[in-house]
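*Asks:* Line order of the protein sequences matches chains A and B. Each residue of the first sequence is one higher than the one before, starting from 133 at the first, in our numbering. Each residue of the second sequence is one higher than the one before, starting from 171 at the first, in our numbering.
Any given hint could turn out to be false.
Stated by the list, open to error - Think about it this way: if two alpha-carbon atoms lie no more than 25 Å apart in a straight line, the pair counts; the simulated BS3-like pairs of lysine-lysine are:
# : chain 1 : residue 1 : chain 2 : residue 2
1 : B       : K328      : B       : K289
2 : A       : K151      : B       : K272
3 : A       : K308      : A       : K245
4 : A       : K151      : B       : K328
In short, the hints are calculated from the structure, not lab data. Computed from a predicted structure; not experimentally measured.
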Amino acid sequence: MECLRCGNRDPRYFYKGHKGYYCRKCIRYSRVLLEEEPETFSYEVSDEAGEYRFDYPLTPVQLEASNKCLKDLQKNDILLHAVCGAGKTEISIASISDYLSRGLKVAYAIPRKEVVIELEKRFRKIFHKADVISVYGGHHERLSGDLIICTTHQLYRYYHSFDLLVLDEVDAFPLKGDQTLMNICLNSCKGRILFSTATIDEWLLMVLKKRQYQKVEVYTRPSGNPLSIPEILFVNQYLGFIGLYMIMKRMANQCLIFVPSKKLCHIMYRIFSRLFSCTYVYADLEERNRNILLFRNGERKFCFTTTVLERGITIKGISVIIYDYGNIFDQSNLIQMLGRVNRGIGDNEGKTFLFTDRYSRKLSQTMKYLKEANSYL
Amino acid sequence: MRCLYCDKVINKLSFKSLLIKEDLLCVECRMKLPLKRRTIKVKEMEVETFYDYDGMFKSLLLQYKECLDEALKSVFLYEITDYINLRYFNYKICYIPSSTKKLEYRGFEHLKLMFEEVKLKPLEGLRMKEELCQEGMDLKNRMKMMSNFVYDGKQENKVLLVDDVLTSGSTLLGAYRSLYSNCKRIKVLSVAYKNNLI
Numbered sequence: 133m134e135c136l137r138c139g140n141r142d143p144r145y146f147y148k149g150h151k152g153y154y155c156r157k158c159i160r161y162s163r164v165l166l167e168e169e170p171e172t173f174s175y176e177v178s179d180e181a182g183e184y185r186f187d188y189p190l191t192p193v194q195l196e197a198s199n200k201c202l203k204d205l206q207k208n209d210i211l212l213h214a215v216c217g218a219g220k221t222e223i224s225i226a227s228i229s230d231y232l233s234r235g236l237k238v239a240y241a242i243p244r245k246e247v248v249i250e251l252e253k254r255f256r257k258i259f260h261k262a263d264v265i266s267v268y269g270g271h272h273e274r275l276s277g278d279l280i281i282c283t284t285h286q287l288y289r290y291y292h293s294f295d296l297l298v299l300d301e302v303d304a305f306p307l308k309g310d311q312t313l314m315n316i317c318l319n320s321c322k323g324r325i326l327f328s329t330a331t332i333d334e335w336l337l338m339v340l341k342k343r344q345y346q347k348v349e350v351y352t353r354p355s356g357n358p359l360s361i362p363e364i365l366f367v368n369q370y371l372g373f374i375g376l377y378m379i380m381k382r383m384a385n386q387c388l389i390f391v392p393s394k395k396l397c398h399i400m401y402r403i404f405s406r407l408f409s410c411t412y413v414y415a416d417l418e419e420r421n422r423n424i425l426l427f428r429n430g431e432r433k434f435c436f437t438t439t440v441l442e443r444g445i446t447i448k449g450i451s452v453i454i455y456d457y458g459n460i461f462d463q464s465n466l467i468q469m470l471g472r473v474n475r476g477i478g479d480n481e482g483k484t485f486l487f488t489d490r491y492s493r494k495l496s497q498t499m500k501y502l503k504e505a506n507s508y509l
Numbered sequence: 171m172r173c174l175y176c177d178k179v180i181n182k183l184s185f186k187s188l189l190i191k192e193d194l195l196c197v198e199c200r201m202k203l204p205l206k207r208r209t210i211k212v213k214e215m216e217v218e219t220f221y222d223y224d225g226m227f228k229s230l231l232l233q234y235k236e237c238l239d240e241a242l243k244s245v246f247l248y249e250i251t252d253y254i255n256l257r258y259f260n261y262k263i264c265y266i267p268s269s270t271k272k273l274e275y276r277g278f279e280h281l282k283l284m285f286e287e288v289k290l291k292p293l294e295g296l297r298m299k300e301e302l303c304q305e306g307m308d309l310k311n312r313m314k315m316m317s318n319f320v321y322d323g324k325q326e327n328k329v330l331l332v333d334d335v336l337t338s339g340s341t342l343l344g345a346y347r348s349l350y351s352n353c354k355r356i357k358v359l360s361v362a363y364k365n366n367l368i
C-alpha cells in the first residue's frame, strides 16, 4: 500500500472508511482513496505568456547563474543556493519564461502566504502578458492561469500537474522538516524542480538524495554589500532588556527586533512603546498588515516581531536586533534575519546586534556561513 | 498507540482511558477540548450542548466533515457517551438529515457515525423538503431551514433530537417543530455551540 500523493507506506496510517482505504498521513489536505488515482489538474497556457521584462538589468553574476539554470534544467533538477538578497527570483525568471513560451505549465511555490501576495505583484509586472494568479489559504476561487504562484500547502490541489516547479525558500517553516508536505510538493510536478534556498541543511540534502540535481551557487548581492556580521552580546536574559534599551536609545535608523515568542513580542511592545515609537507583528495578530504598513511607511521606528517577518520583506536602511534566548532560532532563521539588512544598492548603514546567553552550535555555524559567503566577494 | 490528531505517541493515560475505555486522543489534545455543559434556549426549545465550537473542536470537526476523516468518529462523544446513554435511556434518537449531495460526496452519514456508540434506537421519518446546503449562508437564509423539515413517521413517546453544531438554532428548531405534533416528549442535544446565537 502506498499513498500516491504523500508517498506514505506505513500501514498504521491507512484507515478503512465507507469508500475504501485512505491515507491519514495527508488527511489534512483532503482525502485520497487508495484505489483512486488523485485527479490531475489540466489547463491551457496562452501563447504570449512567456514574454518578460525587467525594470533594471541583471548583474553579470545573476545573468550567468540564470543561463546555467536554463541550460541545466534540460537534464536535471536544480538546487539554487544563493545568499539573502542575491535575487533568487530574478535568476529563475529566464527558466520560467522558457517553459511558458513552450506552452508548458509552471508553478512558483513558497511556504509563506505574505511572500505569495508580494510575489504576485512582482510577477504581474515582469510577465506583463501572462495571466498570473495566486493561490493561498482563503484565496482559492481561481486555480488555473498561465503562471501559478501558490503556497506549498496549496500544491495538494495539483497532483502531477506541472512541468516546472520552482520551490522557493525550502528552508522555511512550515515546509522545513515536514516530509509529508515535501512529498506532496514533489508529487505535484511531473517534470523538473528548481529548489531555491539560502541555507542548505541535512534534511534538504536527504530529500535531494533520491533526485539527480545540479547545484548553482551565487554568493554576491547585486548591491555588492557583504552579508552583515552581527555584534554578539553575551548577556543574561533579564539584563538583555537593559542592553536592548541602551542600543535602541542610540539607534539612528529604523530597526526590526526579532524575539523568539509571540508572548515576549507582546510584552516587549507593551514595555518599550512607552519609551519609543514602536509597533509589533506576529502571525495571528489581527492588525498585522496595518502594523507592517506603519513600519514600512516609517511612521514607527521599531518593530518587534517573531520569525514571521524574517523573509520576503525589503525595507531600505533598516537595522536588525535579534533577541536570541531559549535556543529557538536555528541557522536558517538567523541567516534570514541578518539578511534583512543592507539589501538595496547604496544601502549600507544597517547594523546588526545579537543578544544571547550562550555560544551555541547554531550560532557558530551561522558565523562560519557568513564569513565563508563574504570571502567570495 | 498514536494520537489521532497530533500523531504523537500516547504515553500518558488518563484514569478513564486506563480503566474504562481507551481514548483515541492524547491527554494534551483532550485538555484542549474542555467539557462545558450548558443549556441554551432557542425560542420554545431548550438545547443541551457540551463543547464550544472553536479552536480544537472546530479543527477536529473540519477534519472529520470536510477532509472526510472517518477515523475521528468516536473522538467527539468520548466523554459524554455514558451520560447520554443513562440520561436518555428509553429515548429514540433522531438525527438531522444531511443533503443527498453531501452524503454522496462524503460516503458516510457523519452524525450516525458520531453517535455510533450511543445505544439508543434510531427514529426514521424526518426528512428535508428542499435540499439546502447551509455552508456560507447568512443568518437570513438560514432561517429558511426552519420550515424545511417534514416528519412522516409513527407517533412516538420520547425522542432525542441530535445535531453536531448549534449556530443559529434554525435547523434544530425546524426539526423540533415538525416532530412536535407527533411526539410526546422531545429533548434536543447538540455536541457543540457556536457563540453567535440570535
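*Asks:* For every hint, state whether the structure bears it out.
*Replies:* Now for the hints, and whether the structure bears them out:
Under the criterion of a C-alpha separation no larger than 25 Å, the hint pairing K328/B with K289/B is consistent with the structure, at around 15 Å. The suggested pairing of K151/A with K272/B holds, with an alpha-carbon distance near 14 Å, which does not exceed 25 Å. Pair hint K308/A plus K245/A holds up; C-alpha atoms about 15 Å apart against a cutoff of 25 Å. This hinted pair does not check out: K151/A and K328/B have alpha carbons roughly 34 Å apart, beyond 25 Å.
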